[in-house]
Each structure stands twice: as structure tokens, then as C-alpha cells.
Amino acid sequence: MQPPTGGEKPPSTYHGRTLTPVSSAPQLNPQPAFPPPTLPGPPFATSNAPGLISGSQFRPPFSSSQPVPGGTTAVPPPPPQAPFLAGQPVSGSSPFAPVGPTFGASATTSPPIRFNGPSSVGPTPARTYQQPEVPRFSSPSKPVTPLQSSYIRGPPQTPIQSVPMAAPPSQIGNQLGMRSNMPPPMGSASSLAQQHVQGFTNVNQQRTIYQPPPPPPPGQMQFPNVGTAVALHGQMQFPQSGATMTAPPQVQFPSMGPQVGPPIGSTGAIHSLVEEFQSLSVGAAPGSIDSGVDVKTLPRPLQGDEEPTRILESYPLNCHLRYFRLTTHALPNSQSLHARWHLPLGAVVHPLAESPNGEEVPVINFGNAGVIRCRRCRTYINPYVTFADSGRKWRCNLCQLLNDVPAEYFSALDASGRRYDADQRPELNKGTVDFLAPAEYMVRPPMPPCYFFLIDVSLASVQCGLLEVVAKTIKSCLDQLPGSPRTQIGFITFDSTLHFHNLKSSLTQPQMMVVPDLDDVFLPLPDDLLVNLSDSRNVVDSFLDSLPTMFQENPNVESATGPALKAAYMVMSQIGGKLLLFQSNLPSIGIGRLRLRGDDVRAYGTDKEHILRVPEDPFYKQMAAEFTKNQISVDIFAFSNKYCDIASLGTLSKYTGGQVYFYPSFHASTHGEKLQYELARNLTRETAWEAVMRIRCGKGVRFSTYHGHFMLRSTDLLALPAVDCDKAFSMQLNLEDTLMTTQTVYFQVALLYTSSSGERRIRVHTAAAPVVPDLGEMYRQADTGAIISLLSRMAVETTLSSKLEDARQMLQLKLVKSFKEYRNLYAVQHRLSGRLIFPDSLKYLPLYILSLCKSWGLRGGYADVSLDERCAAGYTMMVLPIASILRLLYPALYRMDEVLTKPSEKENIDELLTQVPLTVQCLDSRGLYLLNNGLSFILWLGRMLSPDLINGILGGNLANFPDLSKVQLNENGSEVSKKLTKVLKTLRQKNPSCHQLVHIIRQGEQPREGFMLLSNLAEDQSAGAASYVDWVLQIHRQTQG
Amino acid sequence: MSWELILWVWALVSVMSLVGLCLYQLITLSDLEFDYINPFDSSARINAVVIPEFLLQALLCASFLLTWHWFSFLLTLPVTCYHLNLYLKRRHLVDVTEIFRSLNSEKKYRIIKLALYVTLFVIVIYRLVLTAVTLLMDDEDVNFINSGTL
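For the record, the sequence lines run as chains A and B. According to the UniProt record's numbering, the residues represented by the first sequence are 1 to 1041, in order. According to the UniProt record's numbering, the residues represented by the second sequence are 1 to 150, in order.
Any given hint could turn out to be false.
Listed below are the simulated DSSO-like cross-link pairs for lysine-lysine, each with C-alpha atoms no more than 27 Å apart in a straight line [to be verified]: (1) Lys89(B) / Lys621(A); (2) Lys820(A) / Lys843(A); (3) Lys108(B) / Lys803(A).
Simulated restraints, written as ranges between beta carbons of each label pair [claimed, not checked]: (4) Gln809(A) / Thr119(B): 53 to 61 Å; (5) Ser102(B) / Lys817(A): 21 to 29 Å; (6) Val514(A) / Asn85(B): 42 to 50 Å; (7) Glu869(A) / Trp10(B): 37 to 45 Å; (8) Arg988(A) / Asp31(B): 48 to 56 Å; (9) Ser102(B) / Tyr643(A): 26 to 34 Å.
Facing chain B, from chain A, some residues (calculated, C-beta under 7 Å) [as the list claims (entries may be wrong)]: (10) Ala625; (11) Tyr655; (12) Thr715.
I should point out that these hints are in silico values taken from the structure, not numbers from a laboratory. Glycine residues also receive a C-beta, built at the ideal position from the N, C-alpha and C atoms.
Chain A with its partners taken away, still in its complex shape:
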């Protein structure tokens, strides 16, 4: 336990460094290794690398470093004192990998986000913690008026002992210190704070730093300016009135000093209320007919996901929030406090989230020092470790063990205990880094990227044009498959028999071998079923060319999925990789055959309901386990327009880190574009192979439950045969001790993976969060996005073991309990009957939970969503990152007609589009609206929309399109159409993980309108679920009880 010791070194005094490795590094490397940020290249690609000289091209962060012929030439290891390994090819560090040059980072450029404080640990968090422009972070020493600071109101609440928050004022000094986790600030903030208390004569120096109105020392204290006495235990006496008051202090405090705020009065109280929490007036009496809720004032997340960046202000060395988010960035310090936090406590991890250009994750090679980790808890070195013993030891921030610094890694410390080279080492100043893993981290040579396609070629596939799209797309992606020239590829097609394809490079045409024996699957060839793509490119090309025609006349309607999976397993088990299953039928013969189910209405609402949503045949679970064991990840592309048991098939993806794509009633002419994009994205996106992920955390807390697509290999190790930038994972935290003694908990996510280039790497994200003793602070630091992400996964898992209704009730109960608890914190003082109160951080929570209950996975009953779509939605929700799940739950609705018709100077599409609330009242029948839920676009044409606009969009009269569901939106010559295409393109670029197909719907076109659009309007009453207003009233009623 090492509390930051900011007092040792005022932050402002650290300016110059005596030793400047910045200047020394370029001498080591005459050609500095950093392209200017404007160049379209990863920042750590280098210019003096042999690979680049020999004509290497643009390399995305993951992609292969060229196997460099000269890479094996011995490069002298960096001098121990060299602050940076820039320019040193890592060749030879890993015996297996054909590694190109990899560089830690450049010494010439300082990292983009750099807090210039003296130490990486101590004062840095402390300083920012007090910044006055963080109004809700309740920094005690904020020089703002007490009215706006929650803490300032904290202590005087204490007289009301029944209030849960209350604590004797004598402890408040400590409590506040603990709560804010910071040393007594010595900087400007505290001097500002002192200005506010200058009127007090008897001010304890130490306490002023916490509080403008200081907790009173024993005995009475005179405040000359005000003439107010504050008695022990928080009882306030106002000499003017002579009354002893125990009333809520929020109101009374302003009177203490003329300089602190407005005078006592109801306006002041209301003002403080608004600052402290949000409240909604919900009418006079609960249950009255007139709801009294102003629909317009209800909070709506029209901006989409908002990352809680406040935590980064207090802990600037944390990894970016796109990688790691906690449901509340203030952890409870005791189990009893945790029990009062009724929302899930946990984290959402998105380890490979795409970073914007210029913020690529630095790759670090420790060379001979090996990856530097804590001896005991195996934590990787990170910005929060402290160095001791003049730089020879480092203290692990998770377990406090003092470790030796390897000689190669040694650097002297400056006066504040900070390493001189800390600015040059990304692992010491960035929360996210990639370490190059040496041979100890490999059980076998890094595997090549391997893609294996299992394609159902029965009648249904041919009829819907699936084969053609798939073959074309795969062929177009062959050049972009990552990991060239090591990439492996293979194909099996199947109907009621299995067709193996020999792709041997010496052949001119692929050979097809048919195996009709489904009971005892065997491979007709020992090898050449999975071949190196660059060697066999011609054969693969000719196979893909002939694939659509090969099965054109195939009358076979059976689908031997199970045996085909077994065969694919036998082919791939040596290498591992990605298996893409294209399924257009219910698996009908052989092992793993499934039967029609889910058409039984009677099952709904009974205890047997959930059985429909779990795999029917244990074969799929066993196969999934086998696949994971052999590092095979399964992605399911399902196309059936009949029932095809996504619940069973999806299991394969669930436990192998895969993904389920479902295209109901697929037809190439309408859905081809979507499939093409999504398959191409799947094949070409950066993928991490044979990965395992572990998340470590400091003493006192433990991750207990994990949610997402992976398989647990031990209690806390997630096996991920393949993982990519579109997958997020979430986990729940448990407190192990009844009382936590530490003031900060550190988390470290480590993902060990093989990059497509064949390097073994470890991606490490480090984050810190304060431990707080009060519930109010937890609520202030809550993160709605992370809570919703975790809750949605918990709800989907609940539907696998119980009824849909139970899952919805679970969500509602959690919401009600947490709001009730919050109400108890404040309602007593404020007599807030008739108001629903909630923290500002959770203002969107009710709406999101309502729309979660209305989401496809959890909505209604039997008739509302088909079983397959429900299961597919469930699988999708289990992997979506936070921003996407929020967009899916509360889609963006834009009014488009004005945007399209009115000429405007603004080029930026974002500025043109304004989001409107998701309710049918906002739909004007003269308008054109676009709904974007992240997975698809819905274009709604009002009944009275001008025909010109319709003609412009569709390129013809509406009467020419009897069936709008088959209409494809193509750009035609008109101005409107051009503009619409541009808007759609911009919106698609924002969410590259999938292709949003445009569905055009005419107002009043039932049942499509109701099914596709109206059910997406989360604020309206639908499918037995309440409207937003009713929901708020309901929650309000329940929090009253």
C-alpha cells in the first residue's frame, strides 16, 4: 500500500530534466524512427528498418512485419542505459517468429498524452483530482461555492444519524482523505481553498485542504464573519436566530460566509439539488390519472455513448476508456457498501478496440531483460509501479512486492523517485502497450493465420444465391487476408455428403473428393486440404470461380453439418485458426442432427421456455470444447428462412470466441451487399490468434463471473482461439475482504496473442480506480454504458436458464433497488415526494433498461420475435462493445427531408443531422426519417412526403415499387440521392463493424412498419412493455415503497 505522496514534490517544480535521453537517442539511430503523425503509417513503423528500405508498404498495426532477410544479422543489444530500443530490430529474440523490426517507440517524440508531473504515481492523480473544473468529482478542496460541491455538504449531514451516509464529523477529515485518495494538496488548489476560509480564525491548517467549511474541532469555534457557531457533531447554531438546527445542511451552509454563496433560500436549495442529482417531477400523487410527467424533459441519450472521462482526469495514466471501463469508477471499500450498490459491479474490456489514427498501441521489446513482471502476482510493468532503492527495485502496484529491476532495464531516479527515462518508455507512461513475448510465452511456434470455410451447398444455398456471393467475396479478399505469405486456407463443402477439395499447389484444377460415409468421417487425403494460400493461389482462385456453378444443379436438400464439423476439426486440429460455417438449412443428417422446435406456443411462459434457447444436442457443446482446445474459432453465417436452430449452432461460436451472423430470408439481390461487407470485414480485420486473456486486480477484489464469447480455461483465464476488434468482454467483481484497506485498486488486462504477422505479443491495459467509503461517490462515478453492457449480458444469460419475464424482472428490480437506495441518500432531507431522483451519471439508465427489455433478445413472448432471431440477437448482444450496444438499444432517429432538400454550406454531415426522440409522435407524415441502430438503417417515408423527394431517392415513382422490401437503394443521378448516399456513407464509416442495410418503409405499410420500425421506437408502448412515461412512473412508484 503506497498512497501517493504528493507532498514530497509539488507538481509545478518539475521542469527540467538533468538527463535527457531525448537527445541521446537520435545518436544511437541516425535515422530517427518516427514518421510524422500526418503520414498514413503506424507511428512505430520505422524508417531505418531493413524491411522498409526494401520496399515495405503501409503496415497497419497488426499486420505482418516483413520477414527481413537481413533481420537475422546480429544487432548489438542496446546499451543498458539506452533509454529506448528504438531502431533495434528484434530479430532473434524469438526463435520462431520471422520478425521484422519492431520498435518500442521513438525517443525523439514524446508521447502524445503526457502528464508532466514529477512522478508517474504520486502527485499525478492527486493533482488532477482537485482540478476545479471537475464539478462532480467532488474534490474536497475545490474552490467553488460549497453549494456545488457534494463533499462540502457531506459533513454537516451527519447530525441525522439515520441517513445511511452519515458519519460522525470527527471522522470526516479521515474519511474525506480516504475518499479522495490523495495526499494533502500543497499546490494552488489548497491555497485557493484557503481563500475561502480566510474568515475563520481557528482553522486547522490540515483540515482546510479538505473543506472550505472545515469540520469543527472539538469545542465551539467562532466564525467572526458570520457570527455562526458550529458545534461539535455538526449541530449548527445560528446566533441570529438562536435556534439549534438539525436540518439538512445543504441549505444552511451558505450562510456561513458571505463569500461562499447565495443566501439561504429555497432557490439555493433547489440549485444545490440540481447540482447534486437529477430529479424528475412525476406529478402530484403517485397513481393519479394525470401523470404529470413532462415528456419533453425526460432524459434522452441523443448523443450516444458518453465515456466517463472524469476518471482520466484523476488517473491520466489509465488506459483509454475504449479498452477498459468499470461500471463505477469508484469502488466500494466494504462488503456492506457493495451490498447497497444494487447495480452490477464489474468491468467491460475491449482489448483490441480500434484506435484512431495516431494513437496506435506501441510495441515494446525488452530484449534480453525479458518481459518485466512481478515475481509473485505476475503483473506486467506499468505506469503505476514505483521505483525504489535508487532505481534498482520496483514495487508492484498490485501486490506491493519489491522486485529487482533487470540490469538491462536500469535507469537512475530523479529527486522525486521517478525514472529519468520514464517519458521515453511507453510502458511507464501509457496505460496500453504491446509487449513482444519471448519464447517462454509459446507452447509452439506462432501459428499462421488460417481460414477454413465450411460451406453448405444444398439446394437452399444455391437458390438464394449464397454460393455466388460467398465465392466472390472470398476471392476478392484473398489479397487482403492478414499474415501473407503464411496464411493457410481450405474448403469443405457439404450437403448429405462431404466434399473435400484438394488444393495442392502443383495441381492446375482443384480435385473434389466425395465422402458419403457420415458415421465414420475420415479424411481422404492426409494433407493438401489446408494449404498455404500464396503457394496454391491459382488453385484456390479456380476453385472459387467454379464453386457457384459446381453445385448449380444440386437437388440435395439435406445438410450434414455435424460430420462436416468433425471433418473440419480433423483438418484444422494441428494448426487452429478460424472456421467459417455457412449454413442455410437445419442440420438434418449425421451426428448433431437437429429437429424443428420452437413452434410450440405452449412452452412460453412455463419453466420449459428456456430450453428452446439452449443447445438441443450436447454434440455442439462438445465440439465447441474440442475446437477451443485446438485453437479453432467458429464463426456462424446462417441464412435459413426456416428454423435453423441458431441456439444450437451459436454454441459453437459462444465458446470459441466467434460470432454469429444471421440473415433471415437471405437473398443475394437484397442482402448480398451486407453479406459481402461483413464477410470481407470478418476476413480482413485484424485478428489476434490463439489468445488467452487474464485480468488481474489488486488485493481485496476478485473477478468472479465473466460474460462474453470465450471459454474459461481456468478460474480466471479466458481462452480465445481468435479475437478481434469487434468483440468485448465483461466481468463482475467481488469484494473478498469485508473492509478494504487500500485506497486505490489497480486492474491489469493482459491478452497474450499471436499477431497475424506471427509475433507473439502481450497487450496490456492498466487502469486504476479509487476506493471510496460512501455510496454517493459511487453513484457519481457510475458509468451507464458499462452498466448497460454488463446488464444486457447478464439478462441474456438469464434467458438461457429461465423465462424471458424473469430476465426483464431482474433488470427492473436492479434499477428500482438502486434508485431506491439513492433516494434514501437524499430524499429524507429534501422532502422529494413527487419527484424521481437519480444521479446525473445514471440519468439514461431507466431508458436504456426499458429498451433492453424491448430489445429483440428479451422482448415479449412467442409471437413477438422468431426464436432464431431472438437467439441471434442474444449472441450479438454478448459480444458488442459498449458504444454499439447503446446504439442498438436506443437507435438514432434523424429527420432527413430537410437535410436532403435544403442546400446548406455545411459540409460536415454530423452537423446536419439532428437526432430526435424515439417516439411515434416525432414522426411527421410529411417527413422522411432515418433510423440507425448500428446494425441496419430504416428509411421511413411519411405518407404525405413530397413525391419529388421519393422519386429522387428511389429513382422512380413509388407505384413502380410494389414491394418495398426488395428495393435496393442505389445512387441515381439526382441531387437528393447523392446527398443521401453521402449521409449513409458517413454513418457507416462511424460503425465499421457491420454493414447497415437500408430498409425502406412506407408509413402505414403493415406489418413491416410495425415490425421493423415501430418496435424499435423504445419510448412507445409496445409488445406489452410500458412507454417511457409509464416506465418512469412505475419506477417512481416502486422506489417510493
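Given chain A, work out where chain B should sit, using these hints.
Then chain B, alone, in the frame of chain A:
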């Protein structure tokens, strides 16, 4: 040798093996918990002995029924029914994919079963000794009577 003695000897042997099987499963589960073994091996080992255990237990129960040992039969019956129930619902095998999630309940279930088996073991030992002793004493009595009469 009387049938009674054979029954109790058989019961002793089978109860001992039941205890052994149960302990084996528990040890495998706790090994898994402490990361000495991976879930694939662990579930394969456990699943290999589940059916033998069920069969042995059912046989024991049946043999008590057939020999009209009501008390012992009623003691073993609940476990048999539970096993049958699990088997019919196809939940008797450990699910490798969800093994960590169900680890605690699986352990609890096996600990309770172990406690039942141990109770049964004590009873069986007692009955075995009782039978053996009475048998010996009867023999001696018979011998004595025989020698007395002769």
C-alpha cells in the same frame, strides 16, 4: 457361508468404491479450481466415472431391496432416484464449457453425496460385523449344542 454375510461384504465393497469414486471426482474438481488440471481433462476424468458410479449405486440399492433390507434400501433410494432423474434429464455429465460456472454446485452435490456414502459405509460396517459375529456365535452355539448333545 450365509447369504447375509455375502450381501454385507458386497455392500461394503461397493460402498467403499462409491466413496472412492466420489472422492476422486471431488479431488479432480478441486484440482481444477486450483488450476492443476485443465477443464478438458478434468471433465473427461469425471465423466468417465459418472456412469459406473450410478450403476454401482443402483445395483447396491437393488440388492438391498431384493434382500428385504428396508432400512438400507430406503437410505440408498433417494440417491438412486436423484441419479435417475439426472440421467433422464441428461444432466448427469459435467459440462466442460460451463464447468467453472457450475463448479461450486457440482462440488456441493458431491460433498453431500459423499456424506451419504460415508453414513452408509458406517452402517454397512456395523451390519457386517453384527452379521459376522452372530454368525460366528451361532456357529459356536451350534457347535456347542452339537457337542453338548453328542
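Each hint, compared with the structure:
Of the supplied pair hints, the one linking Lys89(B) and Lys621(A) holds, its CA atoms being roughly 16 Å apart against a limit of 27 Å. Annotation: proposed proximity of Lys820(A) to Lys843(A) holds, straight-line Cα distance about 14 Å (limit 27 Å). In summary, the hint linking Lys108(B) to Lys803(A) is supported, as the alpha carbons are separated by about 26 Å, within the 27 Å threshold. Between Gln809(A) and Thr119(B), the C-beta spacing of about 40 Å breaks the proposed range 53 to 61 Å.
Hint check: Ser102(B) to Lys817(A), Cβ distance near 27 Å, so the stated range 21 to 29 Å holds. Between Val514(A) and Asn85(B) the beta carbon distance is about 45 Å. The supplied range of 42 to 50 Å therefore holds. A C-beta distance of roughly 57 Å is found between Glu869(A) and Trp10(B), which places it outside the suggested range of 37 to 45 Å. Under the hint 48 to 56 Å, the C-beta atoms of Arg988(A) and Asp31(B), about 50 Å apart, fit the expected range.
Ser102(B) and Tyr643(A) have their C-beta atoms about 29 Å apart, which keeps the hinted 26 to 34 Å range intact. Taking 7 Å as the C-beta contact cut-off toward chain B, the hint placing Ala625(A) at the interface holds, the least distance being around 4 Å. Interface restraint check for Tyr655(A): the shortest CB-CB distance to chain B comes to about 5 Å, inside 7 Å, so the restraint holds. This hint holds: Thr715(A) has a C-beta 6 Å from the nearest C-beta of chain B, less than the 7 Å allowed.
The earlier numbered hints that this structure contradicts are 4, 7.
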